[in-house]
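Colleague: Chains A, B, C and D supply the protein sequences, listed in that same order. Going from the first sequence to this note's numbering is simple: count from 1 and add 11. Going from the second sequence to this note's numbering is simple: count from 1 and add 11. Going from the third sequence to this note's numbering is simple: count from 1 and add 24. Going from the fourth sequence to this note's numbering is simple: count from 1 and add 24.
Just so you know, these hints were derived from the structure itself, not from any lab. One should not assume that every hint holds.
25 Å max Cα-Cα, derived DSS-like pairs, lysine-lysine [as the list claims (entries may be wrong)]: (1) A:Lys358 to B:Lys66; (2) B:Lys145 to A:Lys79; (3) A:Lys403 to B:Lys145; (4) B:Lys180 to B:Lys283.
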Amino acid sequence: MQKTSYQVNEKGYYGEFGGAFIPEMLYPNVEELRQNYLKILNDPDFQKEVNQLLKNYVGRPTPLYFAKRFSDKYGAKIYLKREDLCHTGAHKINNTIGQIVLAKRLGKKRIIAETGAGQHGVATATVCALMGMKCIVYMGDIDIKRQAPNVARMKMLGATVIPAHSGSKTLKDATNEAIRDWISNPINTHYIIGSVVGPHPYPDLVARFQSVISKEIKQQLLEAEGTENPDYVVACVGGGSNAAGIFYHYLDRLNVKLIAVEAAGKGIHSGKSAATSQLGKIGIIHGSKTLVMQSPDGQITEPYSISAGLDYPGIGPMHAHLFQTKRVQFLSVTDDQAMLAGIELSKMEGIIPAIETAHAIAIFKEQKFKKDDIVVVNLSGRGDKDLNTYIKYFNL
Amino acid sequence: MQKTSYQVNEKGYYGEFGGAFIPEMLYPNVEELRQNYLKILNDPDFQKEVNQLLKNYVGRPTPLYFAKRFSDKYGAKIYLKREDLCHTGAHKINNTIGQIVLAKRLGKKRIIAETGAGQHGVATATVCALMGMKCIVYMGDIDIKRQAPNVARMKMLGATVIPAHSGSKTLKDATNEAIRDWISNPINTHYIIGSVVGPHPYPDLVARFQSVISKEIKQQLLEAEGTENPDYVVACVGGGSNAAGIFYHYLDRLNVKLIAVEAAGKGIHSGKSAATSQLGKIGIIHGSKTLVMQSPDGQITEPYSISAGLDYPGIGPMHAHLFQTKRVQFLSVTDDQAMLAGIELSKMEGIIPAIETAHAIAIFKEQKFKKDDIVVVNLSGRGDKDLNTYIKYFNL
Amino acid sequence: MNRIQKKLEEKKKLLSIYFTAGYPTTQDTIPILMALEKSGVDLIEIGLPFSDPLADGTTIQESAATALKNGMATEVIFNQLKDVRKKITVPLLLMGYFNPILQFGVENFCQKCYETGIDGLIIPDLPIQVYEEFYKNTFEKNGLIPIFLITPQTDNERINRIDSISDGFIYMVSNNGTTGAKKTFEKEQSEYFKRIFAMKLKHPQIVGFGISNKDTFYQATKFTSGAIIGSAFIQMLSRDGLGGIDAFIKSIR
Amino acid sequence: MNRIQKKLEEKKKLLSIYFTAGYPTTQDTIPILMALEKSGVDLIEIGLPFSDPLADGTTIQESAATALKNGMATEVIFNQLKDVRKKITVPLLLMGYFNPILQFGVENFCQKCYETGIDGLIIPDLPIQVYEEFYKNTFEKNGLIPIFLITPQTDNERINRIDSISDGFIYMVSNNGTTGAKKTFEKEQSEYFKRIFAMKLKHPQIVGFGISNKDTFYQATKFTSGAIIGSAFIQMLSRDGLGGIDAFIKSIR
Ligand SMILES: Cc1ncc(COP(=O)(O)O)c(C=O)c1O
Ligand SMILES: Cc1ncc(COP(=O)(O)O)c(C=O)c1O
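Chain A with its partners taken away, still in its complex shape (with noise of 0.2 Å):
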């Protein structure tokens, strides 16, 4: 029997899911990036001054912090993979840093991006303002009203936040509407996305660039442990990049269990979900098949959850393949349970977690564990961007 890969293959796929379903307009664009990716990211000229960046800008390595309080309640040795302190907060950057240094080696002046929370449109300004690139950020009308400072913040960096008005105005309608500023600028533009997703090869673009954050939890896990392998590495997913990053290096390492976790938003069934694999169906999305929340008749349907960041109706087409072949174990968790994991982790770690991570946090209400079970979470942001919901929510 062959060993199951899950990588992309050659043609852009991880086992059935991906490909570059894309207009012909954006053809040139995803073939000259396709053509160049893996030559410009294997260049040590390009790694170092990545590497370079992501020391002495972003703060890497982040930490791996040991929760010693919350592994006494919850009884297993549980890690925590500081992506909060990555500048600008979030595991985020480590892609912008990736993609902004190969958009100057392709030779682009200006740069478009789609956000949701915001946080990669921060990230992305940010990487923007750091090469004195122009930036543009698409983001839903709505989005816009919710997430008022991380508006400000992109403004501050110097970014134009173009709102999009089409469709349920979030994060769907700003990819749409960055995709279509892509097509009208096919030559001067590179389009920096903000997960694995979109066409091929974006997925494996971006979780290359984030796979920094488990190639150094190995050296980080051996010096604490022993051990580069934990026994559990835990992920939240909305498109899947920090879930990408931390699982990568440990995809074929099969003694090393992965737990995706998705938004269930109000509970899986309401009708008011997140829950892109137990609710989704194989489809298209943004340029890529992979499993979409649709209706049957294949219109995309608008996902929900509190978390702005894991709203979105698609995963990344490697998550598909790593579902369908049960080599990661999806979770999902609710609003409220979310919400309850966030404080909780505040109270007793002095740590605020973003919602779309307290996702993560979340499962040790309900997963068991053995009291010498590494498990490491991807504590992907911070959560100063949700304080309002959060102030909300608990009436603080």
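Got chain A sorted already, so can you dock chains B, C and D with the ligands onto it with the hints?
Modeller: Chains B, C and D with the ligands only, in chain A's frame:
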């Protein structure tokens, strides 16, 4: 001629500044601290615990980032010490980590703190959550209203925030309230003061905990430039803790020029300023003899700055001494200059600084450096807490 | 020979009209088709509304959103079109994004097209490699002509490849951008038209995106075989309703 | 012999009253002093208002804030008190934080006190070491008795030290806390009073902080030489004005 010492002497003084001008009710508390702090700080077990937390929890060492575009613009080699990347977003946590471990060793069960902008309050609430200690933070009623997000963070972290209704209802009054609480709870309570102010041994204690900043820079600059010694070190001064930390290991290296930047508010002579070294006279504030802004009658006056963390009517006694001996050059920067510097750094380097920090950044517009001068600026905190002020000021 | 191929043999500048099925109301599909044939258009593209039409500009986006709100769906379209070939003879194309077709089942979809009398399909987000590898046979079996796009950025090698797998016409996207009506074309557009003309492709080209009136139709068809009007037609429908169709078509040529 | 020392020789439970100069109005200093002497108090502490009175509870804080707003200042006090010794003979103490005194000049301040006929000073944030090293001589030269505080947390060694540098009475802070009226004392207070009594110090103790009425005065003075009422007196002034002084004092003993 005897060499001037810039460190505290055995009586608790920096030159003529310092001491412990406290009511008898505080004598046992302060004396307990004075008698024990050096012993505890020198204990290898203590150091190990603090250093582990600084590494795995706070995210130290923080990067020393060469700001290329800023350097090109201002004609000097400008490095930014990235304290904004510390957990909770500012240098304040270096001190609270040290003090919470100290408090544990002193057998304390209850922590109090004062806060202005909320940054020290958040850092204190954070370490109390980490250690499972009760935490009470005093905050001026007016500051509570204008710093709502940090108040929410403290509550998320399980702290009790008590409004100070007296006086001008800002930082000075919150400090008074914290001291009154300590008077009322002399046995089980440790007061974590947030800057190099207060009665001896606090200024020395806080300076030692913050000195990790310059300790790291020596090593980092050696790697980057082949020398431990920059030509200039620059920091803003509210109470003076981030400045104390970044000056610390350079105090006796007289070829390293040190620059402290105070808040001139609407102009030094506008009546709305916080430039204590320019406007203050020797006096007593919060238990310390230092420079104090005060009326001719010795009533402490309310300072003003757009930055909540700099509008303190005193400076730490160490800084009063550094000012008097001219070891440190004191500059001041107006609200407008700081705000412009804040947005310029955002747009050119992708880093939104705290408005406190923006004061230090602002000096490049006025001070001339040589092209080869290595200038290290303490990027003491991130600007997320100041977004509302930035938004309003620039009409974003 | 397919109706499209036959039409392409007529030596005239073809006028093709795009409209979104279900807009302005669900009942309008057949009346619009009949009015278009009556006023003399050469080809008709029936748009299948999609929730996320990422190659389309605001006009078509909004018409699709309205159509979906009106209850339009793949099943509904085929029901409406069941007897269309008893009513009109003009060549018909369906234009739709890939996901709804995938959910319907590509095989099933193509067979329904065949039964209905649809002549060709435009699926902008179906890449040509995927088409060739998986769906070519199905298209051919059902007599469906695949229409592929080229843009000003498409290089000659790829244009030749597209020409080689085409069977009807090549959909020549006029400019860098999504669908949407334009008042006039720039110099670079006509150079692009000329450049392609000079390639002497096997298949005729019909220009789409940005054609809105007599002028742009004239410019677009000077070096090509025809042009497609979409957004401008939909805008007219919003303004004048179905009664405006004849006058609109007459105003173009 | 200083008036305070003389008063301390009287074998009775001394009643000392604290009030903030400038409260309720700037003009009240002399009238309050005269009313207090008339109603028979043994000692009077005149509080110098300070912007940041960190050992004081809300009542005294607010009275100080009002006094400052009224324009009270060190210079003003001394002017008001210029002829006080022509009017009253009761021992007078000034109680104030160190900073305003430092700004006035300690030397200058003490001399003014001497000229005015002030008998002692209570400066809560002047540490005893600093007093001894820098200001003892000045105090003595001007006939000023320094009053030092002890609290329930002060250890015996330090109490003995304070006793040794005292000259009048020891200001015995009743409990852990800032100034402020209390309705009753707890058991731990009376144990503390007893404990200090048992130490048989050279100097008599007068209890301050929390005394508000006959009951607390009785409890506080059972094992000590007297008690100081501050906040409760100020609250009475706010409520009843200067006219209430006599009744208030009579209600205590
Ligand atoms: C902190 C954080 N975690 C997780 C996510 C979800 O994205 P992904 O699944 O790509 O990691 C987001 C998206 O905004 C985020 O901000
Ligand atoms: C980011 C930052 N920098 C500087 C300061 C000023 O304090 P200090 O002078 O003690 O460093 C503060 C105080 O809140 C702060 O938050």
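Colleague: Hint by hint, say whether it matches the structure.
Modeller: Comparing the hints with the structure gives:
About 21 Å separates the Cα atoms of A:Lys358 and B:Lys66, which keeps this hinted pair within 25 Å; it holds. A C-alpha spacing of about 18 Å is found between B:Lys145 and A:Lys79, which places the hinted pair at or below 25 Å, so the restraint holds. Taking the CA atoms of A:Lys403 and B:Lys145, the gap is near 24 Å; set against the 25 Å cutoff, the hint holds. Our distance criterion of 25 Å between C-alpha atoms is met by B:Lys180 and B:Lys283, whose separation comes to about 17 Å.
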